[in-house]
Structure formats: C-alpha cells, structure tokens
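Novice: For reference, the chains in residue letters:
There are 2 protein chains.
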Amino acid sequence: MSKTIWKGGALLAPVPPALVTCGTMENPNVLTIAWTGIVCTHPAMTYISVRPSRYSYEIIQKSGEFVINLPTSAMAKTVDFCGMKSGKNCNKIDRCHLQLAEGQTVRTPILSDCPVSLECKVTESKALGSHTMFLAEITCVQVEERFLNSKGKLNLQQAGLLAYAHGEYFALGGKRGEFGFSVRKKKR
Amino acid sequence: MSKTIWKGGALLAPVPPALVTCGTMENPNVLTIAWTGIVCTHPAMTYISVRPSRYSYEIIQKSGEFVINLPTSAMAKTVDFCGMKSGKNCNKIDRCHLQLAEGQTVRTPILSDCPVSLECKVTESKALGSHTMFLAEITCVQVEERFLNSKGKLNLQQAGLLAYAHGEYFALGGKRGEFGFSVRKKKR
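Chains as they are written, first to last, in the working numbering: chain V, 586 to 773; chain X, 586 to 773.
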C-alpha cells in the first residue's frame, strides 16, 4: 500500500444524492443535495448543506422546512439535472415530469416517484463557509408501499437506490451482508 | 404510487459505513460510523455522530482528532464487526488484522487497507440526543496510489467502495452517469 497525500477535500463516499423539495404545493422547487446525512437517531435528525447563493436557500430559510427524497438509479439523469439547473429560471419539476404529493407534517410536497421521503423541520442553521448547514428533525417518513413485504418490512434493495461517489453516480450493487452478520451465531 | 406513513426515523440511504480511527499509533481504536457526511466544501468539513456511551467518544472528545477511512466492499465483515464490538474489551485492530499508517496532520493513524482516509480535526461538538455530533475540518486526504491514473486522477470506482442502506451493506454497482452529464452538449 502506498499513499498519495492531498490537501483536505470533500472526498467522502458514497453519499446519497438526494432530491430535496422545498416551498409549497403551489410554489414548489427541487434541488439535488449530496451533502446530507443522519446526525442523530433519537430524535431522528438530519441536515442538508446548501450554498447561500442557491435559489432554494431563501425558501428553506424562510419556511423552516424541506423534504429529502431518495432517488432510484433510474432517476440518475433527473438527479443530475436538478443539481445543475436553478429554480430561478427553470421549472425543474415540470421539466423532469416529477409528480408531487402532499407532506404529512410539512407544507412542502414530497416526490411521489421516490421510494422514500423524509419530511424535515429545521432546528438550526449554521454558516460554515461555502455552505450553510440546516440541521433538522425528521418528523415523518413516507415509504412506497410496493417495497414493503407482507409483514410491513421495507425492502430497500428492491427500490434500487442511487449513490454518489466523487463526481459519479452509481446504482447499488450486490448485497455484502446485514447489520450484525459478523457476530451472529450460526444456527445448528 | 401509494405511500405508507411512518413516524420520523433515520432512513437516509445510501450512507458511507466509515471505519473511523481515533487515539494514537501507540493506543489506537477503530469503530464503524455511518452517521457521517460532508457539511461544507470550502473549507472542507465533515462530521461524525457518536453515542457518548461508546468507548471512542472520550478519546475523540479529548484528542479533538479522528480519521474517516472508506472501506471496500471486500471489507464488509470487518466494517460490521467494528460496529458491533467495543474497543473497551476487544482489540479490533488486531482481531481484524488492520494495518495502521501515520497520519500527516493528526496523531491518529489511518488504515492502510482503505483506499481513502480523511484526517479530521474537531471544531465543535454538539449534543443532539442519542448522539453527539463532532463537526470537523478535513485537514488532509490520503489516497491509495493504485487507484490514480497516469494523470493523477482518482478512479474511485476501481476501489470498490462499500455502502450502507437501512441495515444492509452493498457494493457499489454500475455507473449511471457523472456530474453534469444531463446538461453536457454532445460533441458533433
């Protein structure tokens, strides 16, 4: 193993290239955000980091709400497009033929085409430099019923989520194990 | 599309199941953390969220340093094991035959077997509930030379990173595009 030394950079991967909705059913917008993650399990909390120059920034700052929608690998082109174009001069929801549905706990709509949508209420915003981090509580999760089994368990592999790694989009591939498999005792 | 409504939960995916090292070369530990992400591009900043009950919590709190090492899909069992066992009563580095190498900007060692290691210095810790979030600046990135092409560009696909989604580990699969492909004009 031989290593090359680079200066500090945002080289964490894979991350979720989320389709984040904001605004209202009457006046919605969508943008792609890969700078997101879970920050707390109880209460369930997440964040998105947004450049203040982005069109959605003011909308989220004012409403205190957004929705993180997880795209499938079939939506890769839409995901890229919603990261490249601004809602200021492009109706991305129309252009990408995205269907909206109502949020349960927020006025922000969810994207019907995404298998999972996390409704979020901002608890704090924190200016860090190029990006401002919106910390938020996840107040509700909407899950596509097709991916639930007869016991109500979500099979997310079936949904075929998209991943982002260092400037490239990937489908999720083969399963390599499940939480706890390394220490589970084998049945006789 | 028909949706099931769940209460708020940590259902963001895929996320990176990182092998986080802490401590020193003489007294190191490693734990698996999927609650991580990029929070700012300039300066390059990340975070990890850790339960205060974990053995590594005090180590990171005191040293103000950690390293995020990105595992390959071949390391899935090690990743799971380092999330299940505590450094309090298990030398996970020995048990998993992990090789350490020196950090460049931190006293914390990196894992040689991981294709990418992000050296991090804590700027703030924030208690959120079950987890405390350590915000940190990424002060150096060590990259495995094998995955650089002749121009020094990193081919992360070649590294075969591991992803975590809702309790399951996955290899990254087929490429679905690259940043900007949806708006790039075709060459004539």
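Derived from the structure by calculation, the hints contain no laboratory data. Owing to the predicted nature of the structure, the values given are computational and were not obtained by experimental measurement. There may be inaccurate statements among the hints.
Since the list gives no way to pick one copy over another, a pair counts as held whenever it fits inside one copy or between any two copies.
Unchecked claim - Capping the alpha-carbon separation at 30 Å, the derived lysine-lysine pairs in DSBU-like fashion look like this:
1) Lys-771 to Lys-711
2) Lys-673 to Lys-592
3) Lys-673 to Lys-770
4) Lys-736 to Lys-647
5) Lys-760 to Lys-738
Novice: All the hints need checking, so say for each whether the structure fits it.
Specialist: Consistency of the hints with the structure:
1. Lys-771 to Lys-711: For Lys-771 and Lys-711, neither the intra-copy (47 Å) nor the inter-copy (40 Å) Cα distance is at most 30 Å.
2. Lys-673 to Lys-592: Neither. Shortest intra-copy (34 Å) and inter-copy (33 Å) distances fail the 30 Å Cα cut-off.
3. Lys-673 to Lys-770: between (56 Å within a copy, 22 Å between copies)
4. Lys-736 to Lys-647: neither (40 Å within a copy, 45 Å between copies)
5. Lys-760 to Lys-738: Cα proximity of Lys-760 and Lys-738: in one copy and across copies (17 Å, 28 Å).
In summary, the structure is inconsistent with hints 1, 2 and 4 from the numbered list given earlier, while agreeing with the others.
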